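2 protein chains.
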Amino acid sequence: MSFSPLIEQLISALRCLPGVGPKSAQRMAMQLLERDREGGRHLSEVLKLAMDGVGRCQKCRTFTEQEICNLCDSPRRDEKLLCVVETPSDVLAIEQTGGYSGLYFVLMGHLSPIDGIGPEEIGVDELLRRVDEAGVKEVIMATNPTVEGEATAFYISEQLQSQGVLVSRIAHGVPLGGELEYVDGGTLAHAMAGRKQIDL
Amino acid sequence: MSFSPLIEQLISALRCLPGVGPKSAQRMAMQLLERDREGGRHLSEVLKLAMDGVGRCQKCRTFTEQEICNLCDSPRRDEKLLCVVETPSDVLAIEQTGGYSGLYFVLMGHLSPIDGIGPEEIGVDELLRRVDEAGVKEVIMATNPTVEGEATAFYISEQLQSQGVLVSRIAHGVPLGGELEYVDGGTLAHAMAGRKQIDL
Chain L
1 MSFSPLIEQL ISALRCLPGV GPKSAQRMAM QLLERDREGG RHLSEVLKLA
51 MDGVGRCQKC RTFTEQEICN LCDSPRRDEK LLCVVETPSD VLAIEQTGGY
101 SGLYFVLMGH LSPIDGIGPE EIGVDELLRR VDEAGVKEVI MATNPTVEGE
151 ATAFYISEQL QSQGVLVSRI AHGVPLGGEL EYVDGGTLAH AMAGRKQIDL
Chain H
1 MSFSPLIEQL ISALRCLPGV GPKSAQRMAM QLLERDREGG RHLSEVLKLA
51 MDGVGRCQKC RTFTEQEICN LCDSPRRDEK LLCVVETPSD VLAIEQTGGY
101 SGLYFVLMGH LSPIDGIGPE EIGVDELLRR VDEAGVKEVI MATNPTVEGE
151 ATAFYISEQL QSQGVLVSRI AHGVPLGGEL EYVDGGTLAH AMAGRKQIDL
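Protein chains in written order, with UniProt numbering: chain L, 1 to 200; chain H, 1 to 200.
Calculated directly from the structure, the hints in this document are not laboratory data.
A pair counts as met if it fits within one copy or between any two copies, since identical chains are not told apart.
The list that follows gives simulated cross-link-like pairs (lysine-lysine, DSS-like), each with its CA atoms no further than 30 Å apart:
| # | residue 1 | residue 2 |
| --- | --- | --- |
| 1 | K59 | K23 |
| 2 | K23 | K48 |
| 3 | K59 | K137 |
| 4 | K59 | K80 |
| 5 | K196 | K80 |
| 6 | K196 | K137 |
| 7 | K80 | K137 |
| 8 | K48 | K59 |
None of the values given here were measured: they were computed from a predicted structure.
Working from the sequences, and respecting the hints, build out all of it.
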């Protein structure tokens, strides 16, 4: 025994969302049916529009329904400075710090030969062309501080070497506000090695 | 700074789902856009169909896109036995025990005068009519073991008194598999008061 066919279909369709198991899918379906049919209809419409309409920015590869995203289109950004990140969420995270005024290039992933993701899939050729054409002065590698992120940053740096552009990597070290005792060994070793003189 | 307008709309529309905050909504939107556009389109379609097509069973009030739900329509169920529950999920929970062969009546909530939910909203009149017309012999009150659930069960029992039908309440006591030490006082008191002689 189960719910009616259409309700079962709804529960199973909701499971395409990350982190949604059978119980939460059932709870979501019941909540929408009981209390928020308008919200459900709205979600259905927006979902369709977004799945069909969202593509990639032609300059930085981030998700957008426009040809060129708002950031790339902004006249207030320094186009000589380019920050390379893995995902659109990373762009948002850096923008929220409010301290960066350059542009971005979104790889949409990282190198992962096992999954068949090579330089072409993450747009390395486009990146090289962009650096060349826009006369970029500095490329900041802000891929994740993971094995794959490091490897991707290293590979791209090598490719950029011949273009005579400054390539930098965001600093690794202890995060602010934590306690040294709980920081993992790799991070701590990086923080020690990357120490800076205190200017008095 | 934020994502493009359409993506922001998608993130905000996803928040109509229970338990989905800004961060998980963002993660869901990104996951669908990156990896599962087909799943997103499918969810959009099913969502629309369900929001528009799911109504109430004319006999038991549960959610269904049919006039009469499969359970009420089944010739194998004992229609002299009626179990009153609060939600369609409760029907499913009882069905999964596999031990009940009667029919159901779904209140779709419980009495809650503060929220303006009175006997009419939970279909008490329909219940009385159904008990009368189908010649029901026993009504099992399986509302939740909460203050509101108890009050609702008590109110409905009173209304049924004049119809000469047996009204019962599911047993309250210690749940199977737990440890007595961790059972709350109210449940334990109920379990003591409702003790049964052991037949040897």
